[in-house]
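Novice: Residue strings, one per chain:
Number of protein chains: 4
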Amino acid sequence: MSNRIGHSLNITSFGESHGNMVGVVIDGLPAAFPIDLDYIQSELNRRRPGQSDITSARNEGDKFTIVSGVFNGLSTGAPICIQIPNESQISKDYEHLKDVYRPGHADQVYDEKYGHRDYLGGGRSSARITAAWVAAGAIFKSYLLHNSGITIQAVVSSVASLSVQNVFEMDWLHAEHNPVRCPDPNTAKDIQELIKQTSSEGDSLGGIISCRVSNCQSGLGEPVFDKLNADIAKAIFSINAVKGIEFGAGFESSRHKGSENNDAPNSSMNNDGGITAGISNGKDILFNTAFKPVSSIAKEQMAMNTNGEIVPLQIKGRHDPCVLPRAVPIVEAMTALVLCDHLLLNLKYKK
Amino acid sequence: MSNRIGHSLNITSFGESHGNMVGVVIDGLPAAFPIDLDYIQSELNRRRPGQSDITSARNEGDKFTIVSGVFNGLSTGAPICIQIPNESQISKDYEHLKDVYRPGHADQVYDEKYGHRDYLGGGRSSARITAAWVAAGAIFKSYLLHNSGITIQAVVSSVASLSVQNVFEMDWLHAEHNPVRCPDPNTAKDIQELIKQTSSEGDSLGGIISCRVSNCQSGLGEPVFDKLNADIAKAIFSINAVKGIEFGAGFESSRHKGSENNDAPNSSMNNDGGITAGISNGKDILFNTAFKPVSSIAKEQMAMNTNGEIVPLQIKGRHDPCVLPRAVPIVEAMTALVLCDHLLLNLKYKK
Amino acid sequence: MSNRIGHSLNITSFGESHGNMVGVVIDGLPAAFPIDLDYIQSELNRRRPGQSDITSARNEGDKFTIVSGVFNGLSTGAPICIQIPNESQISKDYEHLKDVYRPGHADQVYDEKYGHRDYLGGGRSSARITAAWVAAGAIFKSYLLHNSGITIQAVVSSVASLSVQNVFEMDWLHAEHNPVRCPDPNTAKDIQELIKQTSSEGDSLGGIISCRVSNCQSGLGEPVFDKLNADIAKAIFSINAVKGIEFGAGFESSRHKGSENNDAPNSSMNNDGGITAGISNGKDILFNTAFKPVSSIAKEQMAMNTNGEIVPLQIKGRHDPCVLPRAVPIVEAMTALVLCDHLLLNLKYKK
Amino acid sequence: MSNRIGHSLNITSFGESHGNMVGVVIDGLPAAFPIDLDYIQSELNRRRPGQSDITSARNEGDKFTIVSGVFNGLSTGAPICIQIPNESQISKDYEHLKDVYRPGHADQVYDEKYGHRDYLGGGRSSARITAAWVAAGAIFKSYLLHNSGITIQAVVSSVASLSVQNVFEMDWLHAEHNPVRCPDPNTAKDIQELIKQTSSEGDSLGGIISCRVSNCQSGLGEPVFDKLNADIAKAIFSINAVKGIEFGAGFESSRHKGSENNDAPNSSMNNDGGITAGISNGKDILFNTAFKPVSSIAKEQMAMNTNGEIVPLQIKGRHDPCVLPRAVPIVEAMTALVLCDHLLLNLKYKK
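Chains as they are written, first to last, in the numbering used here: chain B, 58 to 408; chain S, 58 to 408; chain R, 58 to 408; chain P, 58 to 408.
The set of hints was computed from the structure by calculation and includes no laboratory data. You may find that some hints are simply not true.
Which copy is meant is left open, so a pair is good if it fits within one copy or across any two.
Claimed, not checked - Each computed DMTMM-like pair below joins lysine to aspartate or glutamate, with the alpha-carbon atoms no more than 25 Å apart:
#1 253 - 169
#2 340 - 366
#3 149 - 233
#4 120 - 144
#5 405 - 317
#6 314 - 260
#7 314 - 150
#8 373 - 317
Only a predicted model underlies this, so the values are computations on that prediction, with no experimental measurement involved.
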């Protein structure tokens, strides 16, 4: 496996769904930066299971501990290890999955690759491990804000076929006021109903998260192979269930002519999504991320077992019928890591 | 800048559009592998400008030289440096661009980031540098075929609104028989006409390239941060003008339920696009890449100059009205790099 | 800071002397390898303070916990996080060092570099953090033995001017039978006396650790920049107080002629110390590491304070008068990391 | 193989002794830095064979070309590829080495590791490839001087048993005025005679190069694994024939007490060699490097052939009887790379 991401600033992730804890080691954060524990907790709360009636019932307090790298409230430059205990795991829920591979899940490929698999709660492949990423992301978001005024916000812009139109032209102030994290209250309400309905059917839903980085200076990104969009894409594809990403006009831009698509200078056009030639251009960075529906469904489906037989499977355990509301802070965290890393990489070009 | 990509196997890219040459250093290729010079040339010819009436008129022979790492026709394990001279550059075409920033291009962000810019032919930001990537990619494709039977093919599946339906369910045998590299001959003809028409209007077109990796073993990919899809995405976003990528059912999967989207075992379903949890699952790897229309258009447009004034601009030089046909081998090359790298990384898990 | 070392296999180190714990994340270990907890503990015990009358009186049990990456006693391929709590720190011993820089210590350079320093027990610069390296090293030594039959042993070959002659030609079986870890019992006794004497004077001693890697296959090492000796040297210089390293005949070889120094084929000569051109040659790998005397001495010395004044300083706290006996397992651990990493890197050249 | 070294700033090396050229790609150099071609050439001339009567007779002009990354005399931030053609190779000299392994050389281990070897002039293992490192080093030395006032000088302080006493306390102004590059003219004369004498006997000599980095600010180095000394050690061990390195008082410090060895504040003492706890402390950085005698000797010696037989061998070709005078600029170049890299890495800690 490879569990580090980032260049000048990076995180090393560790832990499994049903082990003692999940954690992260942040390396490369400059010294003497104030670490805001309350803000970290508030970000963890945004990702926490059990936060509303449309998320997993696994009840994790997600109370974190920082065991290194912070002294008297400030970073020292040393690696910051953040740990989040696993407290609500119910391992017996997973005994029935020991010998059968859940469709769409890591089970089978992990077995084929590693030969020895921790099947409890998905083990290393569980999205549980992203809790620690969100904790780290809180520090990065805080660093970006205080050092460059950069802010990052993600929202749910569609679930199944319920979709907010022109989401990037809309005010996102109220997205956090509904459990879906959708900027449009009406669509939010519809999505919430759909999730409940789908959950009761034992099924699951996918959707799209849109992300905006505001107030970003131009110049971030290291062509030709550590372009800002390339690094964001890589970081975002680290998140479970992500199947696509597009910047600015994205796939839609493939249907337009150059004369229509080129962002006119001094205009509000932003088809490039704030990144040109792999470098931030000073406009808002905009991208959409597609999530497939959660693979773990309560509904019976056919699955392969470790003997290669096809057997009926009903997955137990506590799963989100739709991960998108809880994935919002994860998208923000991974974006913050990349931005923060590139902010530091770019120092060498400063006058 | 950062000009290396890959882990165990990697390439370092160098060169500019109007310098002496573009080149690449391949590091980490196992020893004693036969280097097929003719195949490298044939791949370069697929990317070469001037190959048909719908590509740039820049006439580069793209005759390459290998200056290291190969002895008596076999790799030695040492770094392989491949060089491709620039022969047809017309630098006077670019004098008018010295003080004006082409919309949608690297010009302005490079100036803002680096403060000193090679404006000839786009300098380092030119897609000219991908010629060397394609040469390297030929070696990687050859390595994959001989060591694992893996093949990689990309095709043009849409240009503007002309699109091949269900492209992954179609036979791609004839895609190389038309200058568009579209698997459907009728759509190819329509696209070719559209490109010519658009070119005559001084405009440009975007589109979508679809890629398929066939006969890929399960087990490639290094979660949680060097997942196979994450590394492919990063490599593909290194290519100029790419604005989006999606694997398997991609953005469409976000609209479906889990019970519909999960690939049933022992079926031909492939909504996951051959990668589950960041690891190849043994099915064909399928992904789509969105290209924006070429930014360089002959048509007059407004542009910002180095004084911050908005001025009319007519871009001279020889540009493709649509890069997709020539980008096909570039997509294949970057995909081959990632696959080859992960094939080597995976050796540690072999019994 | 930069707290990861290793390529295909690597460790990320975290923790400080007086924080909750010190720890390490191992990434890249192949799956299904049995983790021997008793062996890890026995290696920790070799490094533990308070193990004899010539080591620091800090009394740490060094009871470790593995919180990830191991399932049913076997590695899963996932990152292995090992944690060792700090239990015996006495932070008040360090209050007098808050505003004064101990000569030869990290205090001043850390302040100058980072601007905010954890002064308790040396914080991040303390050798306390190497406890976790030793725990990781136990796994690596075990892996090397079971997969390649490679063994690694280090011994103390000199302290001050007390030195074992021709240490590499001697039997090292009994080195662990004396608290000095010196293969010659008589020299061991003399060194033990000297350490006690010096300790009673409030002073400290340096010395040399010799290391031998036995049964190492030829072919490990990645020229030209990740040569086996280069990587060992880098890893060894990560250990506090190391001031020099030499392989085989080392500095002495600089005084000989080529006709004398070249190792004759099929002979027992090993002036190259088992590494030729950066690659293991099949003979034992031999190197010496020079440690300066411990900087922390009880004896009064002059020191600079944070105001730039020179003031008398008597260092309190519990310090080893000579670190060499406890540094032996650290040298072995870092060597084991490098060997294990290169064993995995070399897989790509296997037939 | 692994042919890149450096973090934020790095070089990728390519080429073989008897190929078309040797070269290097520099990545990560900030933009708008003036590239002084004459200085690069003057540094190459210091390493050039045939420069005096005590060096190899291979007559290489070592005229370099920069093919990328420089525009109008200034760096652009893009990768700088420097190429040096091989012009004087005499490949027939090496036919007799096709099937026999020179003792102390890469021949046998390369065959065992890679299975396919370029035996001409040592191929990839030849010190010929360091010519390109020296060219890169010239740019780094220039960058250090102009941006931080840092200077780097290396000298030959001993050959065989002829040694300059207290070399770091001596004036090095005249070291470049004799072909040995020894700061003491009398010792230089003796060494020159010894080299000639030894050469006439078909034998070779080793020795020690001492290096001093002057005017270096405190704060460079990234503990705990990219310490400044660790990175210098790794870079220096990349140089052929290096068998040992020591900083400051080095191995000698292992014989002293802490009260003697600790550098007193505000004194000229420098037992730590300018690096404390892996970070530059503001004093001159001082280190010694031990080179074994050149393995290639004209004198008949016994060697193993590819059939495993022991046969007499007389090595033809043009070899230095003592590499130290020509290795001086190589030591400086690798040191400059590390310093320059760490200067850039340290930017993140700047106020």
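Novice: Would you mind marking each hint as holding or not holding in the structure?
Specialist: Hint-by-hint comparison with the structure:
In this homomeric assembly, residue 253 and residue 169 never come within 25 Å of each other (Cα to Cα): the closest approach is 35 Å inside a single copy and 49 Å across copies. Only between protomers do residue 340 and residue 366 lie at most 25 Å apart by alpha-carbon distance; the minimum there is 18 Å, versus 54 Å within a single protomer. Taking the closest pair of Cα atoms, residue 149 and residue 233 never come within 25 Å of each other, the shortest separation being 35 Å inside a single copy and 46 Å across copies. Taking identical chains as interchangeable, the C-alpha atoms of residue 120 and residue 144 lie at most 25 Å apart whether they share a chain (10 Å) or sit on different chains (23 Å).
For the identical chains of this complex, residue 405 and residue 317 are neighbours neither inside a copy (36 Å) nor across copies (41 Å), given an alpha-carbon limit of 25 Å. In this assembly of identical chains, the alpha carbons of residue 314 and residue 260 lie at most 25 Å apart only when taken from different copies (7 Å versus 41 Å within one copy). For the identical chains of this complex, residue 314 and residue 150 are inter-copy neighbours only, at 23 Å across copies versus 54 Å inside a copy, given an alpha-carbon limit of 25 Å. Proximity of residue 373 to residue 317 under the C-alpha cut-off of 25 Å is restricted to the inter-copy arrangement: shortest distance 19 Å between copies versus 51 Å within a copy.
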